Amino acid sequence: MNRVFITLSIIIFTAVSLLSCEQEEAMLERELLFSMPIGKMEDHLFVQQFDGVNTLSKTRVFMKDGFFFISNGESSKVMEFSSFGDLISLYYNGSRNPEPVILGTERAAASDVTRAAYKFPLRDPGEIVKTGSGDLLIDDQISEQRWEYDDEDDVRLDRIVLRFNDHGEFVAYIGQEGPGGTPFPYIHALYANTDDEIIVVTRNTSGWKIFWFTHRGDPLYRISYTNDLIPMDEDAVTLSIENIVPDINTRTLYLKVDYYTENEARMIKFYKSVMLGYDLDAQAYTMNMDLPKNIVKSEQPVIFEEKEHEYLNEFVGVARGPSFFMISPYEGSVYRLTVVAEDGAVKGRGLIEFSDQDIFFRNYHINPDGIFSAIVCREYDAEVVWWRSDRFVEEQQSEYSKFIPNERN
Numbered sequence: 001m002n003r004v005f006i007t008l009s010i011i012i013f014t015a016v017s018l019l020s021c022e023q024e025e026a027m028l029e030r031e032l033l034f035s036m037p038i039g040k041m042e043d044h045l046f047v048q049q050f051d052g053v054n055t056l057s058k059t060r061v062f063m064k065d066g067f068f069f070i071s072n073g074e075s076s077k078v079m080e081f082s083s084f085g086d087l088i089s090l091y092y093n094g095s096r097n098p099e100p101v102i103l104g105t106e107r108a109a110a111s112d113v114t115r116a117a118y119k120f121p122l123r124d125p126g127e128i129v130k131t132g133s134g135d136l137l138i139d140d141q142i143s144e145q146r147w148e149y150d151d152e153d154d155v156r157l158d159r160i161v162l163r164f165n166d167h168g169e170f171v172a173y174i175g176q177e178g179p180g181g182t183p184f185p186y187i188h189a190l191y192a193n194t195d196d197e198i199i200v201v202t203r204n205t206s207g208w209k210i211f212w213f214t215h216r217g218d219p220l221y222r223i224s225y226t227n228d229l230i231p232m233d234e235d236a237v238t239l240s241i242e243n244i245v246p247d248i249n250t251r252t253l254y255l256k257v258d259y260y261t262e263n264e265a266r267m268i269k270f271y272k273s274v275m276l277g278y279d280l281d282a283q284a285y286t287m288n289m290d291l292p293k294n295i296v297k298s299e300q301p302v303i304f305e306e307k308e309h310e311y312l313n314e315f316v317g318v319a320r321g322p323s324f325f326m327i328s329p330y331e332g333s334v335y336r337l338t339v340v341a342e343d344g345a346v347k348g349r350g351l352i353e354f355s356d357q358d359i360f361f362r363n364y365h366i367n368p369d370g371i372f373s374a375i376v377c378r379e380y381d382a383e384v385v386w387w388r389s390d391r392f393v394e395e396q397q398s399e400y401s402k403f404i405p406n407e408r409n
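Taken in order, the sequence shown gives residues 1 to 409; the numbers are from my numbering.
What the hints contain is simulated information worked out from the structure, not anything from laboratory work.
Bear in mind that the values here come from a model prediction, so they are computed numbers and not experimental data.
Honestly, I wouldn't trust all of these hints.
[As the list claims (entries may be wrong)] Cβ pair distances, simulated, as ranges: (1) 292 x 84: 29 to 39 Å; (2) 262 x 331: 25 to 35 Å; (3) 265 x 65: 23 to 33 Å; (4) 359 x 224: 19 to 29 Å.
Yeah, the Cβ is synthetic: ideal placement off N, Cα and C, and Gly gets one too.
Using the sequences and the hints given, assemble the complete structure.
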C-alpha cells in the first residue's frame with residue numbers, strides 16, 4: 001500500500017512539474033481590438049516625445065463591460081470607445097481641441113448606442129475610473145492659482161477627482177476631505193470597488209497616502225504608509241513598497257513589499273517579495289504572504305549553459321478571488337505574466353509580447369474578471385489590445401486539476 005501511495009505521489013509530482021514547465025513557456029494570444037491615429041481629432045491620441053522621453057502628462061486606459069475609457073492628458077480629453085473602436089463619448093476642453101465631428105453626425109445620432117460630446121475645462125486628465133453606477137471619475141489638475149503646498153510632506157497639492165454622472169453632467173470634485181476639499185498630491189492610481197466606494201492612492205517622496213471615500217465622496221479612511229511603518233522581515237535590512245492596490249469587494253489594501261538583505265561584501269541585494277493585506281475596518285494586517293520567486297532561465301549562445309536570472313515582479317492589479325497579477329521581464333520584448341492566489345499558489349503563468357522596439361509608451365489595466373488589457377503607443381498610432389488571461393488561468397487550473405486524485409477513491 002505504501003509503495004502504491006509513493007508511486008502515485010511521484011507520478012502526480014512529476015506530472016504537475018511538467019505541467020508547470022509547459023505553463024511557464026505558454027504564450028498568451030494578443031488580440032488587437034482597435035487602433036487610433038496620433039493626432040488632434042476627437043478619436044485620435046496625441047502623445048509627444050522630447051529627446052525620446054514622454055512628457056509628464058498621462059495616457060491611461062480603463063476597461064469596463066467591454067468599453068474602453070482613455071484619458072489623454074496632452075489633449076485635455078477623455079474618450080470612450082466600444083471594443084470595435086467606435087467613439088461613444090468624449091469629454092474635452094474646447095479651447096484645446098477642435099469641435100467634434102464624428103459625434104455630431106447623423107450616423108452618431110441614429111446609433112443604437114447613445115453618443116455625446118461633453119465640453120468641460122479639463123486641464124491634465126490622468127487616472128480614470130467608471131463606477132458600477134455609471135459615474136465617471138477623472139483625476140485632473142487644478143489651475144496654478146489654486147495650488148497649495150503641504151509643508152510636512154514637502155509636496156505640491158494640485159490634483160482633484162472630477163465626478164460626472166452617467167448623463168455626462170459634472171456633479172462635484174473630490175478633495176482630501178471629500179467634495180470641495182483640499183487638493184491631493186500626485187495621484188498614483190484611482191479605483192472604485194463593487195460598492196462604488198472611491199479609493200485615491202497618492203504617492204510622494206516620503207511615502208504613500210490612501211484616501212477612501214463613499215460613492216458620494218464622503219471620507220471613510222485616510223491612511224499613510226512609509227517604509228518604517230511596514231513590518232520588517234527578520235532576515236532583511238531594508239524594504240521598499242512597490243505598489244498598493246485595494247481589494248475589489250472588501251475594505252482591504254494589498255501592499256507588495258520588496259525586502260533586501262546584505263551579502264558578505266555588505267552590498268544590498270534582493271531577498272524576497274511579500275504581499276501584505278491590511279484590513280481598514282480592523283486596522284490590522286490580515287495577510288503576510290511570500291510571493292513565489294520569479295526565476296528566468298536563459299541559454300547562453302556561446303557556451304550553451306543555462307543561467308538563472310531573478311527578476312522583480314511589477315504588481316499591476318487585483319481580480320476577483322483575490323488574484324494578484326504581476327508582470328516582469330522575460331526575454332527581449334517578451335514579458336512574464338504571473339497570477340497568484342490568496343494562499344500564494346501560482347494560478348497561472350504565461351508569456352506576453354509587446355514588441356518593445358516599436359513602443360515608446362504603454363499602460364495596463366486588469367479588470368475584475370482578470371482580463372489584461374493595454375494601450376500601446378508608437379510613433380504614428382496607438383493600439384488597444386488585450387490578452388484573455390482570465391481564460392488562460394481557467395485552462396491552466398483545469399489542466400492542473402486532472403492530476404489531483406479524487407478524494408472519494
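Each hint, compared with the structure:
1. Evaluation of the 29 to 39 Å hint for residue 292 and residue 84 yields a pass: the beta carbon distance comes to about 38 Å.
2. About 30 Å separates the C-beta atoms of residue 262 and residue 331, a value consistent with the hinted range of 25 to 35 Å.
3. Roughly 54 Å separates the CB atoms of residue 265 and residue 65, a value that falls outside the hinted 23 to 33 Å.
4. At roughly 35 Å, the beta carbons of residue 359 and residue 224 sit outside the given window of 19 to 29 Å.
The structure fails hints 3 and 4 (numbered hints given earlier, in ascending order).
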